[in-house]
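Engineer: Going down the list, the sequences are from chains A and C. Residue 606, in numbering that gives the first Met the number 0, is where the first sequence stops; the numbers in between run on with no holes. Residue 356, in numbering that gives the first Met the number 0, is where the second sequence stops; the numbers in between run on with no holes.
Be a bit skeptical, because a hint or two may be false.
To be verified - Pairs of lysine-lysine residues, derived as PhoX-like cross-links and limited to a Cα-Cα distance of at most 25 Å, are as follows:
| id | chain 1 | residue 1 | chain 2 | residue 2 |
| --- | --- | --- | --- | --- |
| 1 | A | 427 | A | 351 |
| 2 | C | 39 | A | 351 |
| 3 | A | 427 | C | 39 |
As the list claims (entries may be wrong) - Here's a subset of chain A near chain C, in silico, CB distances under 8 Å, partners left out:
| id | residue |
| --- | --- |
| 4 | 142 |
| 5 | 143 |
| 6 | 210 |
| 7 | 290 |
| 8 | 344 |
| 9 | 372 |
| 10 | 453 |
| 11 | 553 |
| 12 | 555 |
Keep in mind that the hints were calculated from the coordinates and are not lab data. For clarity, every value in this text was computed on a predicted model and none was experimentally measured. Ideal placement from N, C-alpha and C gives every residue a C-beta, glycine not left out.
The lines below spell out each chain.
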Amino acid sequence: MATTAVEQPHPHSGAHARATGVWSWITTVDHKRIGILYGVTAFFFFLLGGLEALLMRWQLGAPDNTFVSPDVYNQLFTMHGTTMIFLGVMPLSAMFFNFMIPLQIGARDVAFPRLNAFSYWVFLVGGLLLNSSFLLNAAPNAGWFGYANLTSKQFSPGLNVDFWVIGLQILGVASLAAAVNFFVTIVNLRCHGMRMMRMPMFVWMSLITQVLLLLAFPVITVALILLMVDRFFGTSFFIPAGGGDPVLWQHLFWIFGHPEVYILILPAFGIISEILPVFSRKPLFGYAAMVFSGALIAFLGFGVWSHHMFATGMGPVADTVFGLATMLIAIPTGVKIFNWIGTVWGGSLRLKTPMYFALGFIAMFIIGGLSGIMHSVPPADLQQTDTYFVVAHFHYVLFGGSVLALLGGAYYWFPKMFGRVLGEGLGKLHFWLTFIGMNLTFFPMHFLGLNGMPRRVYTYPEGLGFELWNRIETAGSLVLGASFLVFIYNIIRSRHHIAPADPWEGGTLEWSIPSPPQEFNFPALPTVYSRDPLWEQRRTHGAAPEPTRVSGQGIHLPNPSFWPIVTALGIAVFFVGFLLGVNLWVILAGGGITALGIFSWAFEPAG
Amino acid sequence: MRIPPAARRRLGRLAPLLGLVLLVLAGCAENYPQTTLAPKGDFARAVDTLFRSTVWWAAGVFVLVEGVLLFAIFKYRERPGGPEASQFHGNALLEVIWTIIPATILVFIAIPTVRTIFRTAEPPPGDPLVIEVIGHQWWWEFRYPEFNITTASEMYVPVGRPVDLRMRTADVLHSFWIPQLAAKRDVFYGRDNRLWFTAEEAGVFSGQCAEFCGIQHGRMAHRVIAAAPADFDAWVARMSAASAPVPVFDGDSLALAGQALFATRACVGCHALRAVDPPPGLVGPNLANIGGRLTIAAGSLPNTDANLARWLRNPQEYKQGVLMPNLGLSEDDIRALVAYLRTQRVATLPPALAATP
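So that you can see chain A by itself, here it is in the shape it has in the complex (with noise of 0.2 Å):
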């Protein structure tokens, strides 16, 4: 998609010329450069796994229906979840930290540039590993919560479930050398002024996000380990005729499965933040109770795992403590909710597309976070629990709000990452086919999740008044495809559309400087003196010129390197081992070259 557009000469190319071609592209440790093929990436994988849905809804818009064989439903269900949150979701969100965090907080890179491009490319090899195995038709098929024992060897002998360890393995790497690198470049990088009440919500949201990846990830790798040896080398963790525990696996995973919830939806949070008081021409309300209601709701995060366990029966002291606990988190979501709200009150509201999209978010959000309330209650998850009623829920929490504000992100950022303006009157038509495309989809999933229509299935016989409404799904979701094709169509016209620096009057640093940004952001680090700069500017100066392309001379940037994309690459062959019969070359080999790479990395000059 974007690749279009990136691909030209940039118009106002200055003296600071940017190196061109695919070798500048590998060995790139620019962070906005990353951040457009972490975009591109996560773009087409976010398609492949709409692709999923749409084939999954065609099989289910008639019962009995034979479109795709069970086993293939089973491989789409799971890679559709795997995907919209690893490959999809996650990255995009990681193309903002990396486009956007440090042009926010005044930075000119991120604090490790070469880690980040690790990062990136491990992320896009775990990726395609995942994906290729849809050439063996091995694709995974145990459900995105890979339940034990149902994955252990006995009852799912292929590769399929190898390919889902091993590819989760590789994309936790990636997420958590990207959230030591953000973390890290948020705390030290900001510039002059900037203190921490100061940073922008979407920098705040990301740093938190940060702290949850950083926390909860290491419970998936180990749990993930433990599941690898099982397959691989015969133990016996979560197999209970060996003396495993099929629950342990379940704790295991939501400890990190419900912070990875906030970890899709906490950007999204910070991204409608700022999306919301720019197109309402006032600060945004309550900044402060924004920034502890978000880390309210990472910490309580922790707190509530066992919520997707009801079922299993726990006992009605645990019930009773993980119910109560999930009732809290709604209390700091509603104080967020009521300050978006806030912000837009009193307002002078500049419906443009990406507030649409923000708008669109807090609505949607809205029915997503009173449906988990009712999740919360322990006797009553035990009818809803593994039914469409959960696939409701969480699809109006992660499509309607996760997806809804990217999108928005995505044609609020678009000028400055790309220097064009998307479309407006397509945007609208975009927001629109999404906003009637998602209701008519999931919608119509409460009822039937509540009237028994258990998920995972992969079909359903006549006779239990399934069928209209799977088949109002199945249209609602064609025109959600269709939204898609009106975004792109609307990325590809862009590109005759230059951008100012700032076409939105915004506050935040980000459009003080050229769009797209020089490579070096700043051709002088800023100073800040309160929470939107430019507003402030603008107020006691009027507003700024358009700023001007600069030589650069003389300013130091990092060198680009290589040795990330060896070491990914060693990685991804160090696992490739296990899939091939558990090869010791191979995984030698790959170990070899990882080492090769970190070696060679850390004697190469930084620049």
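Given chain A's structure and the hints, the job is docking chain C onto it.
Structural biologist: Then chain C, alone, in the frame of chain A:
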């Protein structure tokens, strides 16, 4: 009536919302045999009551918050010559109020929740009928220790007597779910999980496995038949008499041929034909009373001769990946086996329920 263009635009924007409301209304009208919203058992009723109170709170919050949001969007749109945005940063009092209100609502949800949690966690009241539930890939086995009866896919229970389910799995996790009578509970290997309910009225209740359990998770269904006490006793009496396969009439040569096939082909290696003391260790569902059951293929297909024949022709066709292989039977063999299985009719649906689908 003339509607001003601005108002018409506003109404137009409300259309999707109205559409949603209509969808909700339509959702309650139809008939769903597997619904959680029409409880016919005490456990399901307790859950339903609690759920409904939560729904009302949620609906109130939904209308209020979405209403305020829509109002703000319409009222504060930028208009030429309109007022500037007011530059306020927050309002401490407001923020405290809208923290306290949701917290209070949650207390009103939490109190009945905790009460129901502890009530439903207590052991079943009275003198319960114990039924062992065993999940298999991809069918449910039911055992009645009190009567020494084993059966599959169709569970009979008496109306009015509490039923105490002791549940486990023979392989991977499953989740036993009877939406109208109780709720669901996951089953594990090596430990019993419990669920109880009392059926309030007679009926045939659908359910299906709710925990993903492999390739045929989608076709792992079952029925719970709640029968009047007398009808239940009759069922028990007939099943208790099934300590051997039902004998075939001498004149029925087709069924006799089927009987011979059943004993000599692979069938007998996996399936028992008696409900009392079946040989242990058989991997297939118990087939005692297969001729009198409502469904075959784990509650998925109506028990007709045509469906039985279709199943025997190649079980992998309807249920890909099922553990029963394609036996490569000839059409003559299939006819004979169908005739024989049809003779294995011990108990049928009580007449009072026969009208129910």
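Engineer: Would you mind marking each hint as holding or not holding in the structure?
Structural biologist: Against the structure, the hints come out as follows:
1. A:427 to A:351: 8 Å, holds
2. C:39 to A:351: 51 Å, violated
3. A:427 to C:39: 48 Å, violated
4. 142: 5 Å, holds
5. 143: 10 Å, violated
6. 210: At about 23 Å, which exceeds the 8 Å cut-off, the nearest Cβ of chain C leaves the hint on residue 210 (chain A) violated.
7. 290: Where the cut-off is 8 Å and the nearest Cβ of chain C is about 12 Å from residue 290 (chain A), the hint is violated.
8. 344: 5 Å, holds
9. 372: 6 Å, holds
10. 453: With Cβ-Cβ at 5 Å, under 8 Å, it holds.
11. 553: 40 Å, violated
12. 555: 38 Å, violated
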